[in-house]
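Novice: With these hints in hand, go ahead and build the complete structure from the sequences.
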Amino acid sequence: MGSLSARTPHETTPLVKPGHDQPSKSAIDPSVPLAARPPLRKAPSWQFWSPTSTTHRFFLLVLMSCIPFGGHFVKNGMSSLEPLMLEDPDFPLTNTMYGALVSAVSVPNMFIPLFGGRLLDKSGHRSIRFFLVWICIGQAIFAIGMDLRQFWLALFGRVFFGVGEGSVVVGARVLIAYWFRNKELTFAMGVGVAITNISKMMAKATVAPVAIYFGGYVQALWYGVVICAISVVIGVIVCRFTTRLQHLVEERVNNDEPLDQGLHWLNDYADSKRRHRQLMLRQPHLANEQITCESVQDFSSMFWTLAILHVVFITVFHLFQNVSSSFLKERYGYSVVKSGVISSMSHLMVVFAPFIGLFIDQFGGRMYWIIGSAVLSIIAYSLMIFTEVNPIVSMLIISVCLSFTPTILMASIPNSVSRRNFGAAFGIVEITDAVGATFGNLMIGYLRDKTGSYDLDMYILLGMAVLTLVLSVVLVFEDRQSGWVLSLPSKRSRAISMDDDEPMAVELQERGDVTPPAPGRDVSYQATKNRSDVV
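Start counting the sequence shown at 8; every next residue gets the next number (our numbering).
Bear in mind the hints are in silico, worked out from the structure with no lab data behind them. All C-beta atoms in this analysis are idealised placements derived from N, C-alpha and C, irrespective of residue type, glycine included. One or more hints might be untrue.
If you anchor each label on the Cβ, the simulated ranges turn out as follows [stated by the list, open to error]:
#1 V243 / A107: 30 to 36 Å
#2 I386 / T213: 33 to 39 Å
#3 L463 / I144: 38 to 44 Å
#4 W56 / F98: 45 to 51 Å
#5 W159 / G379: 46 to 52 Å
#6 W53 / G340: 51 to 57 Å
#7 F163 / M450: 25 to 31 Å
#8 V240 / N397: 43 to 49 Å
#9 G379 / F98: 46 to 52 Å
Specialist: Written out as structure tokens, the structure reads:
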């Protein structure tokens, strides 16, 4: 580790190292000597903190998935505090004021995540730490505003929090996509989805008891600050571990030192760096490419289909979940408690998302799962609208859909854009989700007030479920044109996706089938159209 301490304070390793970064002289010129170091050997599996342990990647995966834990916790804890805020004798809030506090978080997410994602693409892990500290400050401002009974300050704190929260979610997804982009990407995204739901359940289960125990909801808001601070610590730890991994592997790649063959994960990363080094040797002019801000209009049509499908799918279920208790009470005459218990069953199967993701990574067939989920969503809403079947059936069907479809769609994004655009791509998805959630919730509430029932709302949600099926079929055609890059098992699908240092890119450039992309042009999957014989 002596070489690590010799680095200058200004030398950093980005979260996602862009393919157009200038490599060191030793990365291009193998004649430059490097200090000899002992070969990396596999550590025992129980030493999960060691970068050479086979379990280290899963340790990192859990930490990466916990980075947005605080943001999700704070957002979902508000619903449990609503009765306490509305009934506070000293500072009672109206329903309109409470709605403004809830919506204030979503408004910045309509545009900020794209900026945050681009910042992550360019400056790396320093950005995610910045946004983590940002949301911590935002929640503290909110708590202070409510404590001082200054609504404007509380509202400002919520907006401040929302500015960073979306970018934290984007950063966590970029981290996972970068380090688990081969065999286990869907599994890794599934772990992220499962931990997100754990944070939501934990918030709803613990925030109100904390408020009651300490005698006020302001104390529960400070509880949220503590959880956000823990996320900051986790983010710092993740950045430290990933930086160490990159330094450890890259220096050995530059020195042509082999790694223990049992270290499959690090060998995959080392192979990608060797390919990048070879590409720099063949085409040294690529090392001098300047960083450019790629235009979103250059993203592939497959990416845009995925983004639209994701927002429609998420909107279909999340809009219903926001009013499910009230709908069940009105439609079936259940009590408030029974309605809440039954509606909570829509989260039941989400904990199995990682295992379903692992199965899909091994055997492929993402498109079949997506189409199946669209059909199931239509069935779930049809049962509630047109039949008297017990709503538990529909809740369980929705739970099954939520257990794998968001995971699959998120895991498909890295196959539709180049690695240098991961941050921008996930930022766009976060923006579309925020737009759908904001206007969708307004529509549901307006129609409910206008008609006096949820009938029209349910018909609209059924129509959106049909739209997910149509978009799924469109995505099948996009996938077919790209050489089934989404339908294959993760290892093969990533191998045929276009990237600046992926094996297919190097091979195509060697054969002259594809020229290096011009700055600002995303050729993530279009290049595979020249390779229809791959599959």
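Novice: Each of the hints needs a verdict: does it hold here or not?
Specialist: Consistency of the hints with the structure:
no., hint, verdict
1, V243 / A107: 30 to 36 Å, "holds (33 Å)"
2, I386 / T213: 33 to 39 Å, "holds (35 Å)"
3, L463 / I144: 38 to 44 Å, "holds (42 Å)"
4, W56 / F98: 45 to 51 Å, "holds (46 Å)"
5, W159 / G379: 46 to 52 Å, "holds (49 Å)"
6, W53 / G340: 51 to 57 Å, "holds (55 Å)"
7, F163 / M450: 25 to 31 Å, "holds (27 Å)"
8, V240 / N397: 43 to 49 Å, "holds (45 Å)"
9, G379 / F98: 46 to 52 Å, "holds (49 Å)"
Violated hints are absent here; each numbered hint is respected by the structure.
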